[in-house]
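Asks: Here's the letter readout for the chains.
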Amino acid sequence: MLLARFSEDRLSSLWKSGKIVGGVYLGRGQEALSVSLGLHLRPGDVYAPLIRDQAGRLAFGEPLIDGFRTYLGSRLGPMRGRDGNIHRGRPREGYLAMISHLGCMVSAVAGSLMAKRFHGDTGVVGATCIGDGGMSTGSFHEAMNLAGVEKLPLVVLAVNNQYAYSTPTTRQFACKNLVDRAIGYGFAGHTVDGTQLDECLATIGHAVALARAGKGPQLVVGTVLRLAGHAEHDDASYVDPKLREEKIAADCLRLAEEKLLAEGVLTSADLATMKSQLLTEIDDAVSQAQQEPVPDAGTEDWCALSSRHLVDGFNG
Amino acid sequence: MPLIPIIMPQLGESIAEATVVNIRTQVGDLVNSESDILDVETNKAVMSVNVPCSGKIASLTAEVGHSYPVGTALGALEVTAEDAQRHGNSATPAPEPEVEIPAGKTNDATVKKEDIQVAPTVRGLPVPAKAQGASFISPRLKARMLELGLRASDLSGIPGSGSGGRVTVDDLEKYLAGLSKNRTTPASRMRIAVADAMRRSWTRPLATVGLYVNLDPLLAHRKISQPKPGPTLYVIRALAVALGEDSIAAGRLVGANIIHPNSIDIGFAVEAADGVLVPVIRNVDQVALKDLVEEYSRLVELARSRRLPPDTFENSAATVTNFGTFGLTWATPIPLPEQSLLLGLGAGRKAPHWDEEIEDFLPITEAELTLSFDHRVIDGGAAGKLLTRVASLLITPEAL
Amino acid sequence: MSITYLEAIREAQARALADDPRVFIYGQDVGEFGGAFKATKNLAREFPGRVLDAPISEDAIVGTAIGAAIEGMRPIVEMQFADFSSVGFNQIVNHAATLFWRTEVSCPITVRLPSGGNLGSGPFHSQCMEALYAHYPGLIVMTPATVEDAYSMLLEAVAIDDPVIFCEHKYLYYHLKAEALPTDALPAGKARIARPGRDATIVTYSAMLHECLAAAEELALDSYQIEVVDLRTVKPIDTDTILASVARTGRLLAVGEAFPWGGVTAEIIARVATEGYELLDAAPQRLNARDTPIPYHPNLWAAHRPTSPAIVNALRNLLRL
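First to last, the sequence lines map onto chains A, B and C.
The opening position of the first sequence corresponds to residue 1 in this note's numbering, with each subsequent residue numbered one higher.
The opening position of the second sequence corresponds to residue 1001 in this note's numbering, with each subsequent residue numbered one higher.
The opening position of the third sequence corresponds to residue 2001 in this note's numbering, with each subsequent residue numbered one higher.
Source of the hints: derived by calculation from the structure; they are not laboratory data.
Cβ atoms here follow ideal geometry from the backbone N, Cα and C, with glycine treated the same way.
Just to be clear, a hint being listed does not mean it is correct.
Stated by the list, open to error - Distance condition first, Cα-Cα at most 25 angstroms in a straight line; then the derived SDA-like pairs of lysine to any residue:
#	chain 1	residue 1	chain 2	residue 2
1	B	K1142	C	N2317
2	A	K215	C	P2055
3	B	K1174	B	P1186
4	A	K215	C	R2050
5	C	K2177	C	P2137
6	B	K1350	B	I1224
7	A	K151	C	R2050
8	A	K151	C	G2049
9	C	K2190	A	F314
10	A	K151	C	G2034
11	A	K176	A	H206
12	A	K259	A	M1
13	B	K1174	C	A2247
14	A	K215	C	A2247
15	B	K1142	C	I2269
16	B	K1142	B	I1192
17	A	K275	A	G264
18	A	K151	C	P2021
19	B	K1174	C	D2222
20	C	K2190	A	K259
21	B	K1142	C	A2247
22	B	K1174	C	E2278
As the list claims (entries may be wrong) - Partial pick of chain C residues on the chain B-facing surface, computed with a CB cut under 8 angstroms:
#	residue
23	E2278
24	L2279
25	L2280
26	R2320
Stated by the list, open to error - Partial list, derived from the structure: chain B residues whose beta carbon lies under 7 angstroms from chain C:
#	residue
27	S1138
28	A1143
29	S1163
Please build the complete structure, drawing on both the sequences and the hints.
Replies: See the structure below:
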């Protein structure tokens, strides 16, 4: 989580100093939820993170430098400059690269799970994340329904961080609680306080275990407050200041640190060392990525098909 | 009673519309097939519109000053049922009458709802029909011609089997295949250059006027001159003096303007192997004849030895050619593409000339002058005036 | 023995399922019911567990196919009507079509679109959507016009590693028959000279091929030999074959059943005008459906899209130019 938080802080400052082209999307405030999902997944599982899952991605095993390479436009990143920021992944390793249309990744994970079922793989889980806003799309609805019909071992982590860009939940959904939708889709539903790391680990772990055991698809709804703008170009001035006083506005990272220190699991020295090590790691990754070559339009292979013999010929 | 339309008739090949200039009848008039219902104007000619049979004018929708396409209904004629059946062909409905547009929306207070299909390029002149048929050269044909180094004028001898009589690639290929049976000699670069110049020149409407001139005064003057100007030089100088008085004939029509020459520079034709060179003497109107001789001789020499520097054959106002040296009496020479005039001198010969005073024929040496001109710039009258002036200058050579 | 266009499609799917365990079919009513047009009749029984009924969720159906393809399967998706694929358009053009470009992982899905008009089918059961999909990079769009091509091109579509939009024409399902299934075929991406000619070239695809052939027959009575080119695939377009044909004839008419703005006919003309301008004896022409939604009533439908008399007219005009 610390790594996620620090990396994102770094991304933010890189963006503010003009070193990043395009949007920067942070998951500040929801690291506990995200990392819990990532930690409970194993090789062989399928994971489709969304825009605020830096913590989950790192937990699932994404190399730290992947994110920096993608944001900083290094040709050596997984997307090779062809897509940027959080639109990254390594599909062959079960780590899907999202497309911008929210809700679309749910059916992709469902499809991967169906393939694994065809292959006879058991004990695998597919996981994806979505926000309170993304759950409004038709894409999400169709995919949830389909996964329910197929009884797939799918875990959907829905993070209700109170805002979808500038839209508050009162304008986003009419049901009382997002978890109420689970029943409509044939999913088992769970809720969790997203500010409490230990609860997140427990609840999400439980949901993943259920799915893995063949108990059908699971919807986990975690509640937090988004502690950043929609993207770094957004100052979130529309957020209701009263919300910032509430429990949900607590920083899960700070709470976790406090708890670990209080319970004696870590000392302040340990924590300081850890932080310093992580920052060094980040520095190294960033400077490496910054020195790497960027894409060159002249040497770029402008081909969108893997079947090269079927490329259409256009003169000029 | 049934009605038949009064139709704008077909006024000539490739005329698509005409302007109403005068309405001679009114609603209610009884007319027949001889009656002139109204007058329309096409290309400076005014023609009248008639009806196919007798009847009473029921309506006249045409308006003076407006143009209507061929085939439009200009009004309606009340006729018998029998006539209606025989003559009641369908016509294109007449355009809607003028529509008032509130001031402030357009510059004009009214907008003419003129015909949708036809916009005259020049008011009152006929609009040519869409370019197709014999003159249309398709991209494919153009490409083939380019490959073969041919021009549109090379196609003129080829019968076209294509749509509207146009030459197709097949026609071209057949023609060329046919030519291979003939003896062929290659054309020199000079020949091709002259061909190109003549082709470009010929795109204009050229005409020629002629006049006999008495050469005896010129020949006598020549005899006593030192150095001796050639007969051609006399003509060059005379032309220059005449043009110096009025240069319009040497003007060039570009768009809607006549471009006058800046200086009266005259070129003259010199035969060189397989072609003609035209060196130019500058400001001939300002130099006396005797002072031109040296320059003239120099240029002739350079031309014959093909050593003319480029500045000596550019930019002349007119050209003189003496085909009399070949024994020719008369010709219609073609002005250079960049010029509007070419004055030719034919061979001198002894001819009887009626002398009014002695009421008998006297032998004189005479030659014919022919002046070819671009008919877009001047008409026969002006050409004649110029030629007459040149001739009058030639019979008083001491003033040249 | 004769085989219809539809049966050829079914045979191809059966063959694909038999030859490759990675193939499965997913779509509405494709299972026990055999599909709305019976394109998958008996296949669910023959290949248990590999021909699955999907809910009415075109977006999720395509998304599922993509996810399965990422994990190594070769799904065939049947859209019940091409017209409904617009609900899954996003997944097709933004996910499937971009996957290889973005991630180097190819997406070997085949999306079958029952396309084109039939008597009484109306605005939402008649569309031809090949132009929309061809527009997006990363897709292959096939438009088979013959029974043989319906068979061999569908097999090839499944074998191709990239997303293939397979526009099968509903009218041809039962109206077109062949003697037997083919043993060999032109590869995808190559157009076929369906009828050699000399005086003009028609470039067309799918059901319009047959209207064009009929028109060519009629003009043959007036001694005009019209060459007809069947594109077979509209993305990629076999520009070379088209240009070679126009080089022979000098005149071009592009005919398509789809709406007139943009589209395959516009693309053909653009290519010939830019790359083969000097081959032309006359301005290239095109004939498409009208710029309105597809009408329901047979009288209106008959006048909405090109039919052989309209093609004959267009050809006569072209030949006069």
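Asks: State for each hint whether it applies.
Replies: Here is what the structure says about each hint:
{"no.": "1", "hint": "K1142(B) <-> N2317(C)", "result": "22 angstroms, holds"}
{"no.": "2", "hint": "K215(A) <-> P2055(C)", "result": "21 angstroms, holds"}
{"no.": "3", "hint": "K1174(B) <-> P1186(B)", "result": "20 angstroms, holds"}
{"no.": "4", "hint": "K215(A) <-> R2050(C)", "result": "23 angstroms, holds"}
{"no.": "5", "hint": "K2177(C) <-> P2137(C)", "result": "34 angstroms, violated"}
{"no.": "6", "hint": "K1350(B) <-> I1224(B)", "result": "21 angstroms, holds"}
{"no.": "7", "hint": "K151(A) <-> R2050(C)", "result": "16 angstroms, holds"}
{"no.": "8", "hint": "K151(A) <-> G2049(C)", "result": "15 angstroms, holds"}
{"no.": "9", "hint": "K2190(C) <-> F314(A)", "result": "16 angstroms, holds"}
{"no.": "10", "hint": "K151(A) <-> G2034(C)", "result": "23 angstroms, holds"}
{"no.": "11", "hint": "K176(A) <-> H206(A)", "result": "24 angstroms, holds"}
{"no.": "12", "hint": "K259(A) <-> M1(A)", "result": "14 angstroms, holds"}
{"no.": "13", "hint": "K1174(B) <-> A2247(C)", "result": "18 angstroms, holds"}
{"no.": "14", "hint": "K215(A) <-> A2247(C)", "result": "66 angstroms, violated"}
{"no.": "15", "hint": "K1142(B) <-> I2269(C)", "result": "20 angstroms, holds"}
{"no.": "16", "hint": "K1142(B) <-> I1192(B)", "result": "19 angstroms, holds"}
{"no.": "17", "hint": "K275(A) <-> G264(A)", "result": "17 angstroms, holds"}
{"no.": "18", "hint": "K151(A) <-> P2021(C)", "result": "22 angstroms, holds"}
{"no.": "19", "hint": "K1174(B) <-> D2222(C)", "result": "24 angstroms, holds"}
{"no.": "20", "hint": "K2190(C) <-> K259(A)", "result": "68 angstroms, violated"}
{"no.": "21", "hint": "K1142(B) <-> A2247(C)", "result": "14 angstroms, holds"}
{"no.": "22", "hint": "K1174(B) <-> E2278(C)", "result": "20 angstroms, holds"}
{"no.": "23", "hint": "E2278", "result": "3 angstroms, holds"}
{"no.": "24", "hint": "L2279", "result": "6 angstroms, holds"}
{"no.": "25", "hint": "L2280", "result": "5 angstroms, holds"}
{"no.": "26", "hint": "R2320", "result": "6 angstroms, holds"}
{"no.": "27", "hint": "S1138", "result": "4 angstroms, holds"}
{"no.": "28", "hint": "A1143", "result": "3 angstroms, holds"}
{"no.": "29", "hint": "S1163", "result": "6 angstroms, holds"}
Consistency note: the structure conflicts with the earlier hints numbered 5, 14 and 20.
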